[in-house]
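S.K.: Here are the chains, one letter per residue:
Number of protein chains: 2
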Amino acid sequence: MKRVFVTGGSGFVGRACLSELTARGFEIHATTRGAPLNSARTQWHQVDLGKPADIGSLLLRVQPTHLLHLAWCAKPGSFWTSPENLDWLDRSIGLFQAFSQCGGKRIVATGSCAEYDWSTGVCHEVTTPCRPSTLYGRAKLAAAAYLEAMNGHGLSTGWARLFFLYGPGASEQRMPGVVISALNRDEPANCSDGTQRRDFLHIEDAGRAIVSLLDSDLAGPTNVCSGQATQILDLATQTAELIGKRDLLRIGAVPSAASEPPLIVGDNSRLRDELGWIARYSLSQGLRHTIAAWRNQTVAKCA
Amino acid sequence: MKRVFVTGGSGFVGRACLSELTARGFEIHATTRGAPLNSARTQWHQVDLGKPADIGSLLLRVQPTHLLHLAWCAKPGSFWTSPENLDWLDRSIGLFQAFSQCGGKRIVATGSCAEYDWSTGVCHEVTTPCRPSTLYGRAKLAAAAYLEAMNGHGLSTGWARLFFLYGPGASEQRMPGVVISALNRDEPANCSDGTQRRDFLHIEDAGRAIVSLLDSDLAGPTNVCSGQATQILDLATQTAELIGKRDLLRIGAVPSAASEPPLIVGDNSRLRDELGWIARYSLSQGLRHTIAAWRNQTVAKCA
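From first to last, the protein sequence lines stand for chains A and B. With our numbering, the residue at position 188 of the first sequence is 171, and numbering never jumps. With our numbering, the residue at position 17 of the second sequence is 0, and numbering never jumps.
Be careful, since some hints might not be right.
Copies of one chain are not kept apart here, so a pair can be met inside one copy or by any two copies together.
[Said to hold, decoys possible] Taking lysine to aspartate or glutamate and the DMTMM-like style, the derived pairs with C-alpha atoms no more than 25 Å apart in a straight line are:
hint: 1; residue 1: K34; residue 2: D256
hint: 2; residue 1: K(-15); residue 2: D70
hint: 3; residue 1: K58; residue 2: E10
hint: 4; residue 1: K(-15); residue 2: E224
hint: 5; residue 1: K34; residue 2: E10
hint: 6; residue 1: K228; residue 2: E3
hint: 7; residue 1: K58; residue 2: D70
hint: 8; residue 1: K34; residue 2: D217
hint: 9; residue 1: K(-15); residue 2: E155
hint: 10; residue 1: K228; residue 2: D100
hint: 11; residue 1: K88; residue 2: E257
hint: 12; residue 1: K228; residue 2: D250
hint: 13; residue 1: K88; residue 2: D250
hint: 14; residue 1: K58; residue 2: D200
hint: 15; residue 1: K88; residue 2: E67
hint: 16; residue 1: K88; residue 2: D169
hint: 17; residue 1: K228; residue 2: D73
hint: 18; residue 1: K58; residue 2: D256
hint: 19; residue 1: K34; residue 2: D70
hint: 20; residue 1: K(-15); residue 2: D230
hint: 21; residue 1: K58; residue 2: E224
hint: 22; residue 1: K88; residue 2: D73
hint: 23; residue 1: K88; residue 2: E155
Treat the hints as calculated values from the structure; they're not laboratory data.
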């Protein structure tokens, strides 16, 4: 019997994990601050993760074998530097401790490529030094290090380092959502010159990777990424062409941020070799899927 | 007014820091579980660091501007794998939080070269990945990461990564104490073949480095090391020759541990360039000083 306690289950990453958890036969308990999602296979608990006593008694009642901790502050833009990151670090540590004290066996939580030293370009779990340049990255790295120290003595812990996830339900303020949403409104999509390269992964492939990590004993950090570097310019162009509105794309209309590193791509050999994971979506398949879902969503909203 | 709260002040590293803190004009408050040291310039507090409420009220009373956190489990041999490391991690985090809540401004705590990936040989704060192979190293790394996340918003934090410290008062179970103590008893000193190279630093040089870091705003990890790699064999031979009992040294009498990495040496350019630190002891000077102090200690014990 595998019973998982999921935090942040109603978020972008959480939703992708829930379907995979169901597929793998987990009994699912998920927390949410707002209204529960419509998901028959999930038992929702409305609880504030900032209240350790509430979490403690809930965990005692649920007695989960697995913990999938996804919740964190994620407001686009401000999350990089928000002091809330330290609150989430403390909450995460408290949650790990409470879960362990209730006899839980396996924890996976999500970190970020922002933990790595971005000057190296290609990020590998073992050989790339961690040197976060943001408070977000530092707080995630501290949670990762805490979790790694807990590994052993009947508890196994893993850490999923997420790269640039996209797909249905992603923020309109991120790529490629920013292009899709503008073009769907027949408005110009203003982009920087987009020469920087990033590692994009479809959210469903990410969800399968995270749940596969949870359902294993793999310890320490595992990159969740495609292993492919794509120029932002290429991503924007492909997206606009698939929508059929290439003329509305304004490359170079906004200045590039001075601090943008030229290359951030992950090595995903650990994910592939240790967990047997393979991506189901190529970038162009993933973009088609995302654009179609966005259109249906918009149609649904308008209907 | 600089008022420092020192944990582990009566230990090997603590004693070396106290004299340097005095020299730099700190008002010193130090914790000890046992009897206070005879040190006129230090106010000793007998307190159990495992009792957060006691620590909290003590910090509120003392109102320190600086925290120098040295206490940790250190029993030779067992400390590498002891579950106590996780208790010390939690205590450390609680202490950092309590100090910050009392309005403290600067924290320095001590880590270890055991945080690095030892397969790299030369350890540099920025370019060497951290990949501890022991629970001790993982718990120290987690404390370091937590402290680094706290840096900012009126609090500055630094982390001293200690390498192989030796000198008067060091454990007889470590080099060169193991050789000195055996030869002082006219007994053979049994050593492995000693081909591995390590970075040895005299405890007084380490104390000056740690306090210099505390008295600065330098954030993140700083190696506290000599930057010189010395073969264990050389160290043992030099020590035996200085004592005049080379014939009692039995090189190769015990097997080398299979897991001993061939080289662990630190890059100390951050310590030298950012803090203006220079070592006062060469290895041979340091060994002479240590042997003399050990002799006086033995004489004092016998008197």
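S.K.: Checked against the structure, which of the hints given earlier come out wrong?
M.R.: When the structure is compared with the hints, numbers 1, 2, 3, 4, 6, 8, 9, 10, 12, 13, 14, 16, 17, 18, 20, 21, 23 turn out to be violated.
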